[in-house]
Every structure is written in C-alpha cells, then in structure tokens.
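Asks: These are the residues of each chain, in order.
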Amino acid sequence: MNDRLRKLGPLTGLVFVFALFALLRPEHFPTADNLQLMLLQTAVVGTAALGMTIVIISGGIDLSVGSVVALSTVIIALLLNAGAPPLVAALGGVVIGSLCGLVIGTLITRLKLASFIVTLAMWGALRGVAKGLADEQMIIAPASWLNGLLNALTDDQRWMLLPPGVWLMLILALVVGGFLRYTQIGRHVVAVGSNEQTARLCGVPVGKTKLMVYMLGSSFAALAGVLQFSYLTVGDPTTGAGMELDVIAAVVIGGASFSGGEGKVSGSLVGALIMTVVANGCTKMELPNWVQEIVTGGIIIVAVALDRFRHRKIE
Amino acid sequence: MTLTMKGICKCFGATVALGGVDLRVRGGEILALVGENGAGKSTLMKVLSGVLEPDAGTMTLDDRPFSPRNPQEARREGIAMVYQELSLAPHLTVAENIVLGMEPVRFGLVQRTTMERAAFEALSQLGHEDIPVGVRVDSLPIAERQLVEIGRALASGCKVLVLDEPTSSLTAGDIDRLFVLLRRLKEQGHAVIYISHFLEEVKRVSDRFVVLRDGMSVGEGTTGSVPMQEMITLMVGREVADLYPRSERIQGDVILDVTGLMGREKPSSASLKLHRGEVLGIAGLMGAGRSELVRAIFGLDPVRRGDIRLGAYSGPASPVRRWKQGMGMVSEDRKNEGLAVSLSVADNITLSRLNVFGPFGMLFPDRQDKAAQIWIEKLQVRSRGPRQPVASLSGGNQQKVAIARLLHHDVDVLLLDEPTRGIDVGSKAEIYRLIDELAANGKAILMVSSYLPELLGVCDRVAVMSRGRLHPARPVKELDEHTMMMEATGAA
Numbered sequence: 001m002n003d004r005l006r007k008l009g010p011l012t013g014l015v016f017v018f019a020l021f022a023l024l025r026p027e028h029f030p031t032a033d034n035l036q037l038m039l040l041q042t043a044v045v046g047t048a049a050l051g052m053t054i055v056i057i058s059g060g061i062d063l064s065v066g067s068v069v070a071l072s073t074v075i076i077a078l079l080l081n082a083g084a085p086p087l088v089a090a091l092g093g094v095v096i097g098s099l100c101g102l103v104i105g106t107l108i109t110r111l112k113l114a115s116f117i118v119t120l121a122m123w124g125a126l127r128g129v130a131k132g133l134a135d136e137q138m139i140i141a142p143a144s145w146l147n148g149l150l151n152a153l154t155d156d157q158r159w160m161l162l163p164p165g166v167w168l169m170l171i172l173a174l175v176v177g178g179f180l181r182y183t184q185i186g187r188h189v190v191a192v193g194s195n196e197q198t199a200r201l202c203g204v205p206v207g208k209t210k211l212m213v214y215m216l217g218s219s220f221a222a223l224a225g226v227l228q229f230s231y232l233t234v235g236d237p238t239t240g241a242g243m244e245l246d247v248i249a250a251v252v253i254g255g256a257s258f259s260g261g262e263g264k265v266s267g268s269l270v271g272a273l274i275m276t277v278v279a280n281g282c283t284k285m286e287l288p289n290w291v292q293e294i295v296t297g298g299i300i301i302v303a304v305a306l307d308r309f310r311h312r313k314i315e
Numbered sequence: 001m002t003l004t005m006k007g008i009c010k011c012f013g014a015t016v017a018l019g020g021v022d023l024r025v026r027g028g029e030i031l032a033l034v035g036e037n038g039a040g041k042s043t044l045m046k047v048l049s050g051v052l053e054p055d056a057g058t059m060t061l062d063d064r065p066f067s068p069r070n071p072q073e074a075r076r077e078g079i080a081m082v083y084q085e086l087s088l089a090p091h092l093t094v095a096e097n098i099v100l101g102m103e104p105v106r107f108g109l110v111q112r113t114t115m116e117r118a119a120f121e122a123l124s125q126l127g128h129e130d131i132p133v134g135v136r137v138d139s140l141p142i143a144e145r146q147l148v149e150i151g152r153a154l155a156s157g158c159k160v161l162v163l164d165e166p167t168s169s170l171t172a173g174d175i176d177r178l179f180v181l182l183r184r185l186k187e188q189g190h191a192v193i194y195i196s197h198f199l200e201e202v203k204r205v206s207d208r209f210v211v212l213r214d215g216m217s218v219g220e221g222t223t224g225s226v227p228m229q230e231m232i233t234l235m236v237g238r239e240v241a242d243l244y245p246r247s248e249r250i251q252g253d254v255i256l257d258v259t260g261l262m263g264r265e266k267p268s269s270a271s272l273k274l275h276r277g278e279v280l281g282i283a284g285l286m287g288a289g290r291s292e293l294v295r296a297i298f299g300l301d302p303v304r305r306g307d308i309r310l311g312a313y314s315g316p317a318s319p320v321r322r323w324k325q326g327m328g329m330v331s332e333d334r335k336n337e338g339l340a341v342s343l344s345v346a347d348n349i350t351l352s353r354l355n356v357f358g359p360f361g362m363l364f365p366d367r368q369d370k371a372a373q374i375w376i377e378k379l380q381v382r383s384r385g386p387r388q389p390v391a392s393l394s395g396g397n398q399q400k401v402a403i404a405r406l407l408h409h410d411v412d413v414l415l416l417d418e419p420t421r422g423i424d425v426g427s428k429a430e431i432y433r434l435i436d437e438l439a440a441n442g443k444a445i446l447m448v449s450s451y452l453p454e455l456l457g458v459c460d461r462v463a464v465m466s467r468g469r470l471h472p473a474r475p476v477k478e479l480d481e482h483t484m485m486m487e488a489t490g491a492a
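Just so you know, the protein sequences line up as chains A and B, in that order.
Take the first sequence: its letter number 213 is residue 213 in the numbering used here, and every next letter is one higher.
Take the second sequence: its letter number 391 is residue 391 in the numbering used here, and every next letter is one higher.
Excised from the complex, chain B in its bound form (with noise of 0.2 angstroms):
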C-alpha cells in the first residue's frame, strides 16, 4: 500500500496556500507532517480527504490515479479522518457512530446486532473491546471518544489513517495507549499520517517525517536521526537561538496570596504567593484542577473556602473587580472564551477598557483602532488591520490578539491559561519572548500549561497541581520533566 501526492498545489484568490508539496506514505508506516500554523498542513489534509480539490498535482493511491471529489469517496478509497475536533455525533451510540452512513439495512430497517458486531470487530482490532457499544457516545470519557473515530475509520476500511493533532486534549496515560495502538495499526499494515505540534510526540511516535513550510515541503528525513532542533529549524525557516529567552529578573513584593483556596469540587486545597516580576507555573494533567484554580482566582469559578488577597484587596471576587484590581485573565478556551472571534482584532483587544476611547460612554472608533495598531504592531499580530473580524487569524495571532487586551487594559496581574496551545512554535517562541519581557517590566504572571518544557524555559518557579491539590512551588532549577510528571501523576 503507497500513497503519493506529487506536486500538490492550491491557491485561494492570490494567496498560494500549498506551492507544490510532495508527500509519500507506506502501509507499516507513520508519517509526521509538522510545520507551523498556515504552512498549509490542513489545506494538503483537506486536498487528501476530498474536501479541496487540487489546482494542480497528482495522487496515487496503489499505483492508481486518486482523485475524491468529496470526503465520502475519499473515505470509500480508504483514506481516514480524525480531527482535532472530534467529530463524533454525541447523541448517537457508540456502536451508531461507528457505522454512520454504511449502516447495515434489511427494509430500511437498521440491523443492529450486525451493526454492533461490526463496532465490537472494529474496537477490538484496536484492543478496546472494554468500550460498550450500546452506550451513547457523550457519556464517554474524551480519550475514549477519540478511539470510537479511530474505530469509524477502521471500520471503514481505511488504508491510510490521518491523525490531526490527536493528543491536544488527553492525558499523558492516554497518550501513551494512543500511541501504543498506533504502533499495533501500523503492524497491521495500516500507514498512520500524524499531524502534530509537540515535537517530542513526533520523535516518540512516527517513522519519517515531512516538514512543511509556506505551502512547500522542505525537508524530510528519518525521525531518529534528526535531532529536535534541526527539525524546529526547518519549521521556522531561521535558528530559533533561544526558545525562551531570560532577561534579568528582579523579583518584588507579593502581589497575589492565595491561602487554601477550595472550589467547588476543584481545587481542594491550593496555596501560592505571587511575586511582582515574577513568572509562577502550575503543571498538572488535563483535569487536575489547574484551570479551576485560574478561574476562582479570577472569580469565574465559585469558591467555597479560603482567602485570595490581590495587593490590597481581599474582598469576594468577580471578573468586573479583578479587571478594576488590575487583574486580567487570557482563557485556555480561545475561540469560545477568550475571544469574540466575530468581533474585529480591535474591538477584543479593547473590549475591557473601552471609557478611554470617550467622553458619556461614547465611542470613537477611530481611538480605537489607533490604540489597538499599538499592540498590533508591538506584539507583530500578523493581521490586515484593526478591523480585521479575530476568526480570520491564525491560532498564534489570535492567541496574541487575546494577551494583548491584558496589555491594553495595563493589568499588574496576568493569569495565562494555557497561553500556547494549539499554535506554532514562530508564534510560541514571540509569545515566551514577551512573557520574558512582562516579567522583566515588573509584572507578575501566573501561567498553567501542560507543556512541562515551556514551563521549564519560562517560568521562575512551578507548582504541580494533582487531583485538586497543589503542591508547593518550587524553583525551576530543582525541578525538571521527570520528578514534575510523577507529582503530576501521584506517585511522588
């Protein structure tokens, strides 16, 4: 089995999203395809998956000519999705999913012993004949819901397997079974095309790996023998020197004191001191009570015992105050939370501080968009202009774009919650470089992420959060991968 995209293009009005990529995968095989956001690894996906048509190219799928013209024939042909959404119908069963759209019919009727035998075949091919398939699929925890897609996909007939950012939302264990059950597809003859941004997953799981960049491939290799760095090379087109540079720090007075602070359910016990000039992590698993902790310091979330004093003020908390207290907040839920994505880059990066802009609670929008370019221009948001609605901008300028109202509204106090998900590592390397900048300006910044590396490169101090609790912070130099995920995990 042999897939081949040679010279791949498409273009979108005067922009070349993909300028003649060539990309080649083996049944037995897992392909990483890494590259930043926009360099066109979702537009040659959607070329793959029938979505897009090419402008130019071929594919061959075993020697024969492939071109789908919708994502149903693509599927026919054998080739598979699994999205970085999870593209599930929730009020569906297990077994339904699995088979939605080839449902197996006598009269119009559904034959549905047949139908969950076929799921039970397609599970168990993956090891998880412990999933019902009875059951509704939004009772399922997230890393099960991901295998009922891997199990549509195999139940399809899929040859080619495309994984688009698989591990964004699980936990390490899961991400070790995932990986596990990739390993046993690819035995099976199965090839696996892996879409991600964590570089230490691409080494761990994949065989070869193609990196693209501005629409066009620019290197491909064998992923044991190329180093990390190398690859991050290639991605950004320069040396990325320093992922995390670190100017002088002069850390000052306590500025958020947080003393047995308890949530809802969670946190159950969390305790921190907050310098100004300082950067404080909070590692932990998915689910740990990390984003909970943000949120009830924010006054988002209830909280149920315990004191939080910002500087002077020790009264109950709500968004409203903490913005006057000059706290701000950047949500790891960007595009439902964080940001009014129909809304225009100025109108978010000023929406909690807009009476500078007029006198009665009028605005001059031209104000506005002045202030807004500022930043634009500081933190090199990469849009058309003030105007331009967020949802048009990549995920690393939009992330920029929602750090930059904290910098509009000129907060003391920045909570970051997983302030570099999902974006590319040029937009992670600016945005560590400006977290390093804030820091040094005397700021103090409470950042969660499950990304222990960028923990380690960024901050001052990190604190490890497990099932609700939180551990004492402890400086960055005591610390490192290992002793933070067992921690993490409850075994230290």
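Isolated chain A (complex conformation) (with noise of 0.2 angstroms):
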C-alpha cells in the first residue's frame, strides 16, 4: 500500500487523465497534431514553474510571475521597435527580469520582508511598469524568427520533430534538474528550504543564496515572457493576469511544499502537463469553459492532498 501510494506520484495523474480523454474522444484528442499543441500550450506556463520550483524549494514563493511575463514582452516589442536584434531583444527582456528579481531577492533578504509580501507588491508594481512603459497600449513589433518559437513545425521543419520553443522549455528543464541535484548552489538551495537555520549554521550563504534564487525565478518568468511574445507577436502589458497562480498549481501538483525543501522539476513540468491536457481534453469535448476551471481545481485539491497522504504515510 505503502509503496505503491508512494509511486503515485503526478506521472500516474498525467496518465490517467491523457488516457481518459484518449478514451472519450479516441479520433479528435490522442493524435500527433494535438499533442504537438498541448506541448506548445505548455511551454509558457512550464518555462515560468522551472524558476518557480526553485524558489518553492527554497522555502518562498514568489506571485509576481504573470506581471514579468508582461514586462518582458513589453521590452521585447519595445527594443525590437527600437531596431534590436531579435536576440538582442530577447535577451533584453530576460535582463529586465533578471533584475526584477535582485529587487525581489535584496527586499527579502536585507529588509527581512516575507517573500509573499515582496512579490505580493511586486506583482502590481510590475504591471504597473509595464503598463507605463506601454503607455497602456499593446505595441505592436516588426515580425522577427521570434514570432516563429511557439508555432507548429511546418513540413520543411519536421526535422526538428518539435517546435523550438519547447525544445527550450525540455533542455531548461534538464539544466535546471541538474542543478538542483548536482550542483553545491543547488544543493545549498535544498538546504536553504529544508532548514535555514541549520544551513546558516553550516556556513551557507543563506543571503547570497535566497538572492539568486529570486534572480532564477524572474529570469525564468522573463524567458516565459519570450514565449509568451512570440505567441502574442506583440508587447502587451495586460497578458499574464493571473499566471502565477497557473504557475504555483503546476509546481504544486508537482509535488513540491510550500514548507520548502521539497520540489521536482520533472514533477512540475508535469504538473504543468496536466492542467493542459485537461484544458484542452475538456474543449475537445466542447464542454465549455467553467468546466474545465472547476476540474483544474478539482485536480489541485487531489493532487496536494494524495501528496500529503504520502508523507503522513512514510511518517
């Protein structure tokens, strides 16, 4: 009972609930096309839980996701307009969200504000510079290969077997899994999460650590932003309203604990994966839209408690 509950684990749900649509709508869900699309439906949200699995892990949680999102597809379209080099461009949005995140990590850590608090005030401020830069208009962009990351691979692509935005979302994923798993910082961030106390204690940088914890977040929520502007093609400083609560339930069904420590990047991903399948299992069933928002929440609720069943299980 034990072990099997054990293995339970979020996979099992993705599985299930891909096999269930599979079932119901065996000629219009389970076909190449539309998994190519659940993937390219996952990459923005995906992108945005890698940092956000980090700075779950480590004990925080940060809620100014979605207002990052739109900040950086703000400065994309905004550098883009100004003549920058796609990449330039986009790596421009990802500085910006980079800095975001020193600004959040530097109140959390010298002023010892609550990471909730910080990016609670974050998350407007944010959009409230998004908005000002944007004038509160959407801008448009000059087309650029940017526009093409989230688009389904034409025939002359298929070499590529999947679209390139979520060929990037796959191999952040392994970088960031590597991370946390091989690597001293990473380590030191598990450890941050599990007892700072203790970490401090041993001599971890529990400050420096906590900085660039928030420093990965928001960079990850930029990089989303990237994928979000090329979904978009234009800056829009409204988009993303809400996606970091789409970001934390992913990260949470997951597996991963508000209490800190515990957190998998491959169960976030997943996570991520099955709010999509079940977004897009419930239009193919053309079941409308309240439905699905009622079984994403349904899923939240079982995921989490299955999860603390477990633990109170090897308890």
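One or more of the hints may lead you astray.
[Said to hold, decoys possible] Below are the DMTMM-like pairs computed for lysine to aspartate or glutamate, each with C-alpha atoms no more than 20 angstroms apart in a straight line:
1) Lys-159(B) to Asp-138(B)
2) Lys-186(B) to Asp-164(B)
3) Lys-264(A) to Asp-138(B)
4) Lys-378(B) to Asp-412(B)
5) Lys-46(B) to Glu-293(A)
6) Lys-208(A) to Glu-73(B)
7) Lys-186(B) to Asp-214(B)
8) Lys-378(B) to Asp-366(B)
9) Lys-370(B) to Asp-410(B)
Calculated from the structure, these hints are not laboratory results.
With the hints as a guide, bring both chains together as one complex.
Replies: So, in structure tokens, the structure goes:
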C-alpha cells in the first residue's frame, strides 16, 4: 500500500487524465497534431514553473510571475521597435527579468520581509511598470524569428521534431534539474528550504543563495515572457494576468511543498502538462470553459491531498 | 588542546545574563555544564559558538586568543554544537548533511563520491558505519539523526563538541550507546561539553562539572567525588530539603476507569483505575504508547476498542466533552500543542474557560487578567504580569502556565504528560509540590514521565507501559527503578 502510494505520483495522474480523454475522444484527442499543440500550450507556464520550482524548494513563493511575463513582452517589443536584433531583444527581456528578481531578493534578504509580501507588492508594481512603459497599450513589433518559437512545425521543419519553444523548455528543465541535484549552489537551495537555521550554522551563504533563487525565478518568468511574446507577436502589458497561479498550481501538483525542501522539476513540468491536458481535453469534449476551471481546481486539491497522504504514510 | 573562557560577561539591556563566568576544558575530557534554566548555560554556549559577542572576558583555544564573530568562524576553529532541537536539513541525504557548507566541489558540481566517503569516514569514527550515507535524513530514526549531527561535527574537524540536552528524546538504549560514543570521542582526544538537566546522566558520563547559577560559575569539581544532592544545592542555591513532598492523601472513589483500551496503533491494551486523591504514574520508554494512552483518554486520538468511564460518563470522548466533564490535559509538546506561545499568560490560562468573564460571549479582559493573576501568584509564575507573552517565559514558568489552565478550569482529573520535561530543578520541585497539594485536596492525577525517580517520588502507584501494553499498576513501595526498567524494556 505504502509503496504503491509513493509511486502514485503526478506522472500517474498525467497518464490517467490523458488515457481518460483518449478513451472519450479517440479520434480528436490523441493525434500527433494535438500532442504538439498541448506541448505548445504548456511551454509558457512550464518555463515559468522551472523558476517557481527553485523558489518554492527554497521555502519561498513568487507571486510576481505574471507581471514579469507582461513586462518582458513589453521590453522585447520596445527593443525590437528600437531596431535591436531579435536575440538582443529577447536577452534584454530576460536581463530586465533578472533585475526584477534582484530587487525582490534584495528586499527579502536585506529588509527580512516575507517573500509572499514582497512578491505581492511586485505583482502590482511590475504590472504598473509594464503598463507605463507601454503607455497602457499593446506594442506592435516588427516580425522576426522570435514569432516562430511557438508555431506548429511546417513540413520542412519536421527534422526538429518539436517546435523550438518546446525544446527550450525541455532543455532548460534538464539544466535546472541538474543544477538542483548536482551543484553545490543547488544543494544549498534545498538546504535553505529544508532548514534555514542549519544552513546558516553550517556556513551556507543563505542571503546570497536566496538572492540567486529569486533572480532565477524572475529570469525564468521573463523567459516565459519571451515565449509569450512569440505567441502574441506583440508586447502586451496586460498579458499573463493570473498566470502566477497557474504556475504555482503546476509546481504544487508536481509535488512541491510550501514549507520548502521538497519539489521536483520533472514533477512541475508534469503538473503543467496535466493542466494543459485537462484544458485541451475539455475543449475537445466541447465542455464549456467553466467546467475546465472547476476540474482544474479539483485536480489541485486531489494532487495535494494525495501528496499529504503519502507523506503522512512515510512518517 | 585546551579551551578556556575567562570572566565572560554578557548583558541584555539591564539583565545580566552572564556576570563573569570561567570555564576550562581540555581535550580528552567530558565536562558537564549544569544549572537551572536561565542560569546562563545557553548564553555561555552562544558566546562560545560565535552567536553572541561577549561584553567582557577572553577566550583562548590552544593558548591562542579566540573570538569568533559568527558560527561559521567558530566552526572553522573547531567548535561544534549539537543542539537540543536537531538541526539537520531533513530533505538532504546523510552525506549532504554531514558536509553541508563545505561540500567537495569541482566546477561547481558536488563530488558525490568524495562527499560520501567523507561522510562514511565521519560515521565510522563514531563506530556507526551501518548508517547509510545516501538516504534522506528524514527517513532515519531520531537517535541516528543525532549521530549524523555528531558526524557533521567530526567531519568539520571539531576539537570541542558541545551537546545541549542530547538525551531528551532518546531511549535508554540509545542513551547508553551515546555515552559509549562520547567516551570514544574523549579517548580520541576531543573535548566534550555536556549540558543536561539529568544529573544521573551527568554522574554517569562526565569527568568534571561546572555549575552555573544566575550567570555566575558557582562551583566545579570532579563528578565522581561530589554527591548529587550537593550538585542540586549548588544549582538552586539553597537546600532542596525535600524534592518530593508527600502530604497525607486520602484515596477516594474511582473516578477514571479504563478497560481494554486499544488505540489506532498504540496502546494495544491498557486498563487502569484512577482514584480521587491519587497520583498514578505511567512509566515506559519513548514510543511505548504512553502519550497515545493519555491522548486517547482525552479524546485527541481515536479509540478502536475498550471502555473509558469518567465519573458518570462513558460515551465517546472529545476534548470539548472532557473539559466539560472535568478533565484537563497538559501536553508533552509544550511549545506546539500545550500553549499558544504567542498569546499572553492570561489568554493561555483562561483559554478553556472564557465564559465566566462576561455575558453573551463577550469578554472583559480585566476580569481575565484578574483571574490569571491569582494563579500567577499561587504557582509563583515568574512573569511581568498576565499580559506577558508566554513565549518569553522560561520553560519552567511556561509549564506552570499550562498547569494553571487546568486549575482555572477547576478540573477533577488532571492528565499530565511529561510535566517536568526540560525544566530546571527549582521549577520541578515547585511542580512536585503542586501535584502533591492537588492530590491532597482530592484531585485525581494521571502522570506520564520518562524520569523514573520523579515517578517514584511523586506517585502513589505506577503502571509501566511496554510496547503498547500497560502492565498493572503497583504501589511505589513495591517498585524501584530497576524493576520498572525491566518491565519497560520487556525483560521482565
């Protein structure tokens, strides 16, 4: 019972919801095109979830993700309009994102404020910055290859197997997973989330570690902004409203714990996929939007309840 | 290797925490640091480990001046602390915990094999090669976690190992193993500073002792040559003439009658009868199911089988019902369960019975304070007044607040789970006196304790619990520590 429960992780949940919709809609749901579509739909939230995984493992939370995504799209559009090459524009968005993280991390470590409060404030403030920079309007940007990151593959692109934006997410997931597992800094992130006092006692640079955690979190949010820009093809200061909650939900469904120390990159990606599959499947079932929302809410409860139950069993 | 601390002073505002303490410990020696709570032991150790900077005084380590500015620096110099609350990162593996903060790294990557070898070496130095270095710490039993923490101290090359109340959550067997280990470390040339409330343990394991009282070192000596009674006198600064007072108690009717009680996992079978005017003790090892028994009686844990009769009541139990029926409980987990530590003394004392302070669910705080003040005086709770938050009281005074709640509620049956755990001798004596007084006044008291001498001193009868089974209670006259331990370990 115990062992079986432990293995009944998020992946089982993903297989279950996928199989369910595959059975209910065999000719529309499990097609190659729809699979690709679902991966594309996951890329933005999935990429932001990588950063959120790091933040939540360190025992913190980042509520500013959606606003950073919007700010990032605005910065990219502005830079493209100013004549910057696409790569520079994208990097510009990420750099601004990491600066947001620097501010968040500094406030948390220097002023000793709770991450919830700081990022709640930044959630509002950064949205305001994005709107101000964009003059509260969408910014039309010249077309570039950035717009193609999240397009379905054309026939002569088949050799790529997956769209570039999806590759970006998957490769970064491997990098973040390795970072958390095999690097000293990564283990320090886990140690800080697991028991901050012990980490401090043992000489782990807790402040620096946290600063880096929030810089990474916001950088990944800004990267998600690059993908969001690719999808929108414009800079939009109102995009990504409420996205932080989807991102947090993905990480939590993936088995992370708000008390820190616990969480997996693979789990977070699976969590993001579960949410996409449910949304996509409900659409294919021609269920209205409100049904999807109720189902997604239910899944969060079930996932976390199962996780709690598993942990209680182990204890 | 010698560590000396000379004339260490530390003040917090107007409060003098340390008023010139001298301490010296050599390699190959176990020094016990004893004293009541608030005597300055932890402040002194915080100075030693670099958490606090002393206002005056000098420290030398191997004849070189030693003044760590932070814990990392002290750790680098060879001072390692093993805290009462285990300070491990539960989500990391044994090896990762042992090398935390000094991981072997190449290009930012942790060298796993080097790390695990270092961890293995530290653990084998302790004689515990059997602890797997690759598993997560939260999957280990508590005693092994402590070994991991000591392993971490060794791996960091510690010269002085400080253990703060290391046995408070260990079983008797684990304590024996810990002592073997400490002697081994001593033979390897380490200096050990051992802080404990349990003077029996101090007697068993230490070579020398230093007594602190009110921030001053008031005595030291060779452990073997000084009787325990004398140590207690030094600690409390007065003769504790009779640690266990015993008034005339008149045993009344049975008020609590438990038959064949079976909980979710523990207890597996427990029967007892508690009379008015009686103190019934429950002895046993950690994990024997004693707390679970008390919790099941109070309705906190589920009951699978068996009957509990409390006076005229026999229905299902819940804390709400139990309070109404005149039963109260003091939890063994003072900080998390027993008290709402961020609330005031008055709030905590009156929490279970607020309806007497005003009509229609309204509350007059001054009446609440007045009621609390009565108990503060009666139990000699040392506080600034009823509005002081409980968190800022010492352990002994916190415990008095926890017990005062039962008295404010005026219960007939008191369930006390480890009522003297982690509190100083002076407070213990006051709590023993209080228990005696309550019993003499006809209250019924069920008391769980791991500390056998206190059970023998305070109780009328004691029942031993072993692996979930409660043995029949016997009068203390027929019992001694040896027979109780035999029963508790299943050897009887």
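Asks: Given the proposed pairing of Lys-159(B) with Asp-138(B), does the C-alpha separation stay at or below 20 angstroms?
Replies: violated (28 angstroms)
Asks: Mind checking the alpha carbons of Lys-264(A) and Asp-138(B) for me, to see if they're no more than 20 angstroms apart?
Replies: Answer holds: Lys-264(A) to Asp-138(B) is near 17 angstroms, not above 20 angstroms.
Asks: Regarding the pair Lys-370(B) and Asp-410(B), is the alpha-carbon distance no greater than 20 angstroms?
Replies: Satisfied, since the Cα-Cα distance of roughly 16 angstroms is no more than 20 angstroms.
Asks: Decide if the proposed pair is consistent with the structure: Lys-186(B) and Asp-214(B), CA atoms, cutoff 20 angstroms inclusive.
Replies: violated (29 angstroms)
Asks: Is Lys-186(B) within 20 angstroms of Asp-164(B), Cα to Cα?
Replies: holds (17 angstroms)
Asks: Verify the proposed pairing of Lys-208(A) with Glu-73(B), using a straight-line Cα cut of 20 angstroms.
Replies: Given pair Lys-208(A), Glu-73(B) holds - Cα atoms ~18 angstroms apart, limit 20 angstroms.
Asks: With a cut-off of 20 angstroms on the C-alpha distance, tell me whether Lys-378(B) and Asp-366(B) pass.
Replies: holds (18 angstroms)
Asks: Taken at face value, is the distance from the CA of Asp-412(B) to the CA of Lys-378(B) at most 20 angstroms?
Replies: Holds - the C-alpha atoms of Asp-412(B) and Lys-378(B) are around 18 angstroms apart, at most 20 angstroms.
Asks: For a C-alpha distance cap of 20 angstroms, please report whether Lys-46(B) and Glu-293(A) respect it.
Replies: violated (53 angstroms)
In summary, the structure is inconsistent with hints 1, 5, 7 from the numbered list given earlier, while agreeing with the others.
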